[in-house]
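*Asks:* Keeping their order, the protein sequence lines are chains A and B.
Counting from 282, one number per residue, gives the positions in the first sequence under my numbering.
Counting from 5, one number per residue, gives the positions in the second sequence under my numbering.
It is possible that some hints are incorrect.
[As the list claims (entries may be wrong)] Capping the alpha-carbon separation at 20 Å, the derived lysine to any residue pairs in SDA-like fashion look like this:
#  : chain 1 : residue 1 : chain 2 : residue 2
1  : A       : K296      : A       : L341
2  : B       : K72       : A       : Q383
3  : B       : K56       : B       : R71
4  : B       : K81       : B       : T115
5  : A       : K292      : B       : T16
6  : B       : K56       : A       : E384
7  : B       : K60       : A       : E384
8  : A       : K298      : A       : L395
9  : B       : K56       : A       : D305
10 : B       : K72       : B       : T115
11 : A       : K359      : A       : T288
12 : A       : K292      : B       : E46
13 : B       : K60       : A       : Q383
14 : A       : K292      : A       : F347
15 : B       : K56       : A       : T385
16 : A       : K359      : A       : T385
17 : B       : K81       : B       : T16
18 : B       : K64       : A       : Y387
19 : B       : K64       : A       : T385
20 : B       : K60       : A       : G284
21 : B       : K56       : A       : K292
22 : B       : K56       : B       : Y34
23 : A       : K359      : A       : R345
24 : A       : K292      : B       : G45
Note that these hints are calculated values from the structure, not bench results.
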Amino acid sequence: GAGVSQTPSNKVTEKGKYVELRCDPISGHTALYWYRQSLGQGPEFLIYFQGTGAADDSGLPNDRFFAVRPEGSVSTLKIQRTERGDSAVYLCASSLSPGGGQETQYFGPGTRLLVL
Amino acid sequence: GDSVTQMEGPVTLSEEAFLTINCTYTATGYPSLFWYVQYPGEGLQLLLKATKADDKGSNKGFEATYRKETTSFHLEKGSVQVSDSAVYFCALSAGGTSYGKLTFGQGTILTVHP
Chain A
282 GAGVSQTPSN KVTEKGKYVE LRCDPISGHT ALYWYRQSLG QGPEFLIYFQ
332 GTGAADDSGL PNDRFFAVRP EGSVSTLKIQ RTERGDSAVY LCASSLSPGG
382 GQETQYFGPG TRLLVL
Chain B
5 GDSVTQMEGP VTLSEEAFLT INCTYTATGY PSLFWYVQYP GEGLQLLLKA
55 TKADDKGSNK GFEATYRKET TSFHLEKGSV QVSDSAVYFC ALSAGGTSYG
105 KLTFGQGTIL TVHP
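Produce the complete structure using the sequences and hints provided.
*Replies:* Encoded structure:
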């Protein structure tokens with residue numbers, strides 16, 4: 282079946298602009314995660330959704346970042362007033378359920394964001 | 005807080021050499037441990053995992069054993085191939101109120117030459 286998909290694959294924007302990044306998880310997966318990966322680093326957790334609600338948003342760096350998942354499937358990560366430091370690869374992952382942390386997370390290909 | 009430390013890279017090996025990539029962790033409770041791999045031009049994919057102490061995860065000739073006494077989860081392969089060239093990430097999931105979120109190491113670049 283289809284894996285996790287993310288659009289766009291690349292996004293170039295100017296400092297101060299607003300961007301939206303989309304994630305389409307594997308069908309039937311109730312848990313959805315966003316991570317951010319800077320060059321040469323491992324992914325860092327941003328936010329976790331169980332169904333429609335954000336159960337843990339402790340990784341969002343500041344209030345310019347926001348994410349939604351209104352119907353419990355597709356999620357959108359929104360970044361306001363982008364800064365050059367926001368440049369990174371944004372990864373989405375989904376799993377059947379949190380399962381106490383034992384469930385495998387399936388990752389999308391990522392969106393490479395470049396803020397000029 | 006939770007953290008994962010991987011050996012410094014990059015690692016360069018000849019085909020059929022033995023591979024070890026060290027990984028140690030700090031976590032409260034009893035985390036699950038994972039190795040993810042990122043092949044050139046592809047997304048992250050799970051290589052193997054272990055969910056309790058002394059468990060051994062294995063896949064594609066790779067193995068890693070969950071060692072609680074040394075808080076380690078070292079990745080090994082007896083004979084690497086050129087196709088194993090990739091970036092390898094060690095990760096943990098603390099479970100409980102962490103809701104399964106993954107904490108990753110910084111990644112180790114492996115290059116295998118013919």
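*Asks:* None of the hints should be skipped; say for each whether it holds.
*Replies:* Hints, one by one, checked against the model:
Between K296 of chain A and L341 of chain A the alpha-carbon distance is near 19 Å, which keeps this suggested pair within the 20 Å criterion. Taking the CA atoms of K72 of chain B and Q383 of chain A, the gap is near 17 Å; set against the 20 Å cutoff, the hint holds. In summary, the hint linking K56 of chain B to R71 of chain B is supported, as the alpha carbons are separated by about 9 Å, within the 20 Å threshold. Restraint check: the Cα-Cα separation between K81 of chain B and T115 of chain B comes to about 14 Å, which is no more than 20 Å; the hinted pair holds.
Proposed proximity of K292 of chain A and T16 of chain B is contradicted: the alpha carbons are some 33 Å apart, above 20 Å. For the hint pairing K56 of chain B with E384 of chain A, the CA-to-CA distance comes to about 13 Å; that is within 20 Å, so the pair holds. Restraint check for K60 of chain B and E384 of chain A: the C-alpha separation of about 16 Å stays at or below 20 Å, so the hint holds. Simply put, K298 of chain A and L395 of chain A have alpha-carbon atoms about 12 Å apart, close enough for the 20 Å limit, and the pair holds.
Pair hint K56 of chain B plus D305 of chain A does not hold up; C-alpha atoms about 31 Å apart against a cutoff of 20 Å. A hinted pair counts as satisfied when its Cα atoms are at most 20 Å apart, and K72 of chain B with T115 of chain B does not qualify at roughly 29 Å. Among the hinted pairs, K359 of chain A with T288 of chain A is consistent with the structure: their alpha-carbon atoms are about 13 Å apart, no more than 20 Å. In summary, the hint linking K292 of chain A to E46 of chain B is supported, as the alpha carbons are separated by about 18 Å, within the 20 Å threshold.
For the given pair, K60 of chain B sits about 14 Å from Q383 of chain A by alpha-carbon distance, which is consistent with the 20 Å threshold. For the hint pairing K292 of chain A with F347 of chain A, the CA-to-CA distance comes to about 17 Å; that is within 20 Å, so the pair holds. Between K56 of chain B and T385 of chain A, the direct Cα distance comes to roughly 15 Å. Compliance with the 20 Å bound is thereby established for this hinted pair. Restraint check: the Cα-Cα separation between K359 of chain A and T385 of chain A comes to about 26 Å, which exceeds 20 Å; the hinted pair is violated.
For the suggested pair K81 of chain B and T16 of chain B, the alpha carbons sit about 14 Å apart, so the restraint of at most 20 Å is met. A C-alpha spacing of about 18 Å is found between K64 of chain B and Y387 of chain A, which places the hinted pair at or below 20 Å, so the restraint holds. Restraint check for K64 of chain B and T385 of chain A: the C-alpha separation of about 17 Å stays at or below 20 Å, so the hint holds. The straight-line distance between the Cα atoms of K60 of chain B and G284 of chain A is roughly 27 Å, outside the 20 Å bound, and the hint therefore fails.
A C-alpha spacing of about 40 Å is found between K56 of chain B and K292 of chain A, which places the hinted pair above 20 Å, so the restraint is violated. At most 20 Å may separate the alpha-carbon atoms for a hinted pair to count; K56 of chain B and Y34 of chain B meet this at roughly 7 Å. The suggested pairing of K359 of chain A with R345 of chain A holds, with an alpha-carbon distance near 8 Å, which does not exceed 20 Å. At most 20 Å may separate the alpha-carbon atoms for a hinted pair to count; K292 of chain A and G45 of chain B meet this at roughly 17 Å.
The structure fails to meet hints 5, 9, 10, 16, 20 and 21 from the earlier list, while all remaining hints are met.
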